[in-house]
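Number of protein chains: 2
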Amino acid sequence: MGIGDDGALINPSDNQQLVVASDTLVEGVHFPDTATGKQIATRALCVNLSDMAAMGAQPRWFTLALTLPVERANSAWLKDFSAGIAEISRQFDIALVGGDTTSGPLTVSITMLGEVPAAESLQRSGAAVGDSVFVTGYLGDGAASLKSLTSKFSINIDSNRLLQRFYSPQPQVETAIQLRGIASSCIDISDGLVADLGHICQASAVAATIYTQQIPIAEDVKRFSPKNCMDWALFGGDDYQLCFTVSADKIDQVEQLIDGSELNACKIGTIQIAGDGGCPVTVLDSNNSPIALKKQGYDHFG
Amino acid sequence: MGIGDDGALINPSDNQQLVVASDTLVEGVHFPDTATGKQIATRALCVNLSDMAAMGAQPRWFTLALTLPVERANSAWLKDFSAGIAEISRQFDIALVGGDTTSGPLTVSITMLGEVPAAESLQRSGAAVGDSVFVTGYLGDGAASLKSLTSKFSINIDSNRLLQRFYSPQPQVETAIQLRGIASSCIDISDGLVADLGHICQASAVAATIYTQQIPIAEDVKRFSPKNCMDWALFGGDDYQLCFTVSADKIDQVEQLIDGSELNACKIGTIQIAGDGGCPVTVLDSNNSPIALKKQGYDHFG
Numbered sequence: 001m002g003i004g005d006d007g008a009l010i011n012p013s014d015n016q017q018l019v020v021a022s023d024t025l026v027e028g029v030h031f032p033d034t035a036t037g038k039q040i041a042t043r044a045l046c047v048n049l050s051d052m053a054a055m056g057a058q059p060r061w062f063t064l065a066l067t068l069p070v071e072r073a074n075s076a077w078l079k080d081f082s083a084g085i086a087e088i089s090r091q092f093d094i095a096l097v098g099g100d101t102t103s104g105p106l107t108v109s110i111t112m113l114g115e116v117p118a119a120e121s122l123q124r125s126g127a128a129v130g131d132s133v134f135v136t137g138y139l140g141d142g143a144a145s146l147k148s149l150t151s152k153f154s155i156n157i158d159s160n161r162l163l164q165r166f167y168s169p170q171p172q173v174e175t176a177i178q179l180r181g182i183a184s185s186c187i188d189i190s191d192g193l194v195a196d197l198g199h200i201c202q203a204s205a206v207a208a209t210i211y212t213q214q215i216p217i218a219e220d221v222k223r224f225s226p227k228n229c230m231d232w233a234l235f236g237g238d239d240y241q242l243c244f245t246v247s248a249d250k251i252d253q254v255e256q257l258i259d260g261s262e263l264n265a266c267k268i269g270t271i272q273i274a275g276d277g278g279c280p281v282t283v284l285d286s287n288n289s290p291i292a293l294k295k296q297g298y299d300h301f302g
Numbered sequence: 303m304g305i306g307d308d309g310a311l312i313n314p315s316d317n318q319q320l321v322v323a324s325d326t327l328v329e330g331v332h333f334p335d336t337a338t339g340k341q342i343a344t345r346a347l348c349v350n351l352s353d354m355a356a357m358g359a360q361p362r363w364f365t366l367a368l369t370l371p372v373e374r375a376n377s378a379w380l381k382d383f384s385a386g387i388a389e390i391s392r393q394f395d396i397a398l399v400g401g402d403t404t405s406g407p408l409t410v411s412i413t414m415l416g417e418v419p420a421a422e423s424l425q426r427s428g429a430a431v432g433d434s435v436f437v438t439g440y441l442g443d444g445a446a447s448l449k450s451l452t453s454k455f456s457i458n459i460d461s462n463r464l465l466q467r468f469y470s471p472q473p474q475v476e477t478a479i480q481l482r483g484i485a486s487s488c489i490d491i492s493d494g495l496v497a498d499l500g501h502i503c504q505a506s507a508v509a510a511t512i513y514t515q516q517i518p519i520a521e522d523v524k525r526f527s528p529k530n531c532m533d534w535a536l537f538g539g540d541d542y543q544l545c546f547t548v549s550a551d552k553i554d555q556v557e558q559l560i561d562g563s564e565l566n567a568c569k570i571g572t573i574q575i576a577g578d579g580g581c582p583v584t585v586l587d588s589n590n591s592p593i594a595l596k597k598q599g600y601d602h603f604g
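Residue numbers (the working numbering), protein chains in the order written: chain A, 1 to 302; chain B, 303 to 604.
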């Protein structure tokens with residue numbers, strides 16, 4: 001992973017805008033001290049790739065700043081970490097173009113650069129009254145996986161998919177590129193559906209109503225905790241799926257993609273006129289009664 | 303410093319290459335725990351700006367990943383830190399385009415993006431036999447300043463310039479842009495003159511001879527420690543001046559810039575055929591005897 005010069009030279013494509021996003025992962029805050037080098041590398045890259053997806057960008061290049069305690073600065077740890085970087089880089093066709101390694105508390109900071117045709121980027125601010133709200137994939141996977149990592153009790157989990165989800169989130173890069181010109185707004189779900197849809201509402205000066213009956217939750221997550229799974233899906237975060245809005249004149253396009261199995265997404269609600277303060281997202285249960293919105297903080301490790 | 307979307311959109315200029323560089327500063331490793339928020343911000347940006355200078359790039363945009371312990375996450379600290387970011391951003395006309403803040407040990411990771419006309423970037427690999435070696439400014443300031451910060455003794459230092467140098471290095475951005483098309487190779491002096499000139503030699507497959515009598519050392523550094531000042535200049539690091547090489551046919555251009563006070567630089571040696579192993583840099587004293595090259599490590603804090 002050595003880089004030869006003080007900086008890396010890259011050649012942006014013509015007629016593209018660059019998208020830049022940075023994310024830092026700190027041991028004990030964003031991952032437990034039991035995480036392997038490969039798991040940390042994989043998660044760090046996936047979190048950043050998800051930011052590219054949120055913008056509808058094609059990820060291209062990244063820099064990596066690795067801060068490593070002396071006891072980890074050995075070839076076995078670095079080999080494992082590098083394997084994770086290599087695997088995700090191959091999978092998403094991205095190039096490591098620079099970075100540095102320093103001594104200190106274990107921290108991984110990645111800056112990712114992507115490209116998007118001028119004026120085609122997806123943003124948070126485009127949602128309009130009457131738009132439909134969609135999400136990709138299943139929600140609650142991230143929180144369920146986190147729970148399985150941090151629980152002190154022997155837990156009844158029978159899903160390898162779920163056990164691995166925390167360290168191998170699935171950035172929705174291809175899906176987001178499909179949504180260029182279709183979605184009116186988009187965000188990746190890192191803080192939790194209600195919080196992130198709230199970010200869309202704030203940026204767009206609108207409100208949203210979503211329906212618990214339409215929230216997609218995987219069977220293994222329901223089995224893992226029938227009691228908590230809806231909370232995880234609404235507030236849990238770390239799903240790295242996309243939440244996006246679509247205007248009425250584009251709904252047919254989205255439905256066709258979904259029906260043809262080209263897009264794994266479902267409609268969960270609608271965009272409305274902004275209210276006067278409070279949470280801009282209303283969640284209605286199976287009786288169409290609004291559920292109380294808890295502010296559920298990020299689960300910290302250590 | 304809030305950023306609205308998952309990524310920042312930037313528009314690269316036509317016919318320019320992008321230069322990307324990342325640097326991370328960790329408390330206790332790259333700065334002492336006595337450093338103020340403003341000092342940390344200033345130093346972090348200047349170190350990254352110096353990487354842009356080394357490449358001959360015009361710095362344009364940066365992202366900032368700040369990891370902050372709970373006890374510093376207060377408005378006074380952040381205000382001070384932001385003041386440092388704002389001051390250097392104004393001075394160098396660069397824009398903060400993204401970043402994130404996380405909880406953890408104090409770490410500042412910056413990724414800087416700059417532009418350079420296609421094929422005009424300065425690199426380490428262009429030095430050729432017969433080229434002259436130059437440095438900008440004074441050397442040894444960084445190490446002297448570091449010494450004044452870490453010494454447990456009351457030290458005889460009478461120079462405000464020097465006391466401030468550690469937190470306000472002077473990235474040689476304008477000088478580097480002047481050197482486009484003139485310098486055959488370039489590097490910024492962060493690890494120490496001998497080490498960094500060694501990097502040029504390795505990348506260019508050449509060797510270098512430099513003369514202690516020609517090394518520029520400021521009067522206040524000589525006064526501070528007549529005994530150590532040459533060691534600091536040769537091995538000290540943290541100077542953030544430039545070391546560059548110039549081929550015989552461009553020497554007149556450089557001499558004219560120096561004579562006209564448009565370029566603050568001086569010749570310190572020449573480039574030669576690579577030897578067989580060992581340090582590629584030979585340092586000759588005032589008797590033209592080679593001096594023993596100590597490997598002087600980086601001074602760590604804490």
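Worth flagging that the hints you see were computed from the coordinates, not collected in a lab. Predicted model, so just to flag it, every value in this text is computed and none were measured. Just so you know, even glycine gets a beta-carbon here, dropped at the ideal spot from N, CA and C. Wrong hints could be hidden among the right ones.
[What the hints assert, rightly or not] Stretch by stretch, here's where chain A covers chain B in the computed footprint (C-beta under 8 Å, at least three residues):
1) 332-344
2) 387-393
[Claimed, not checked] Computed spacing ranges between beta-carbons, pair by pair:
3) A:GLY278 with B:SER427: 37 to 47 Å
4) A:ARG161 with B:GLN504: 17 to 27 Å
5) A:PRO69 with B:GLN504: 45 to 55 Å
6) B:SER315 with A:SER289: 25 to 35 Å
7) A:ASN11 with B:ILE553: 30 to 40 Å
8) B:GLN504 with A:THR101: 44 to 54 Å
9) B:VAL372 with A:GLU174: 58 to 68 Å
[Said to hold, decoys possible] From the derived model, a few chain B residues whose C-beta atoms are all more than 12 Å from chain A:
10) THR326
11) MET354
12) ALA359
13) SER411
14) ILE489
15) HIS501
16) SER549
17) ASP561
18) GLY579
Quiz item: Of the hints given before, which are not true for this structure?
Solution: Per hint list: 1, 2, 3, 4, 5, 6, 8, 9, 10, 11, 12, 13, 14, 15 violated.
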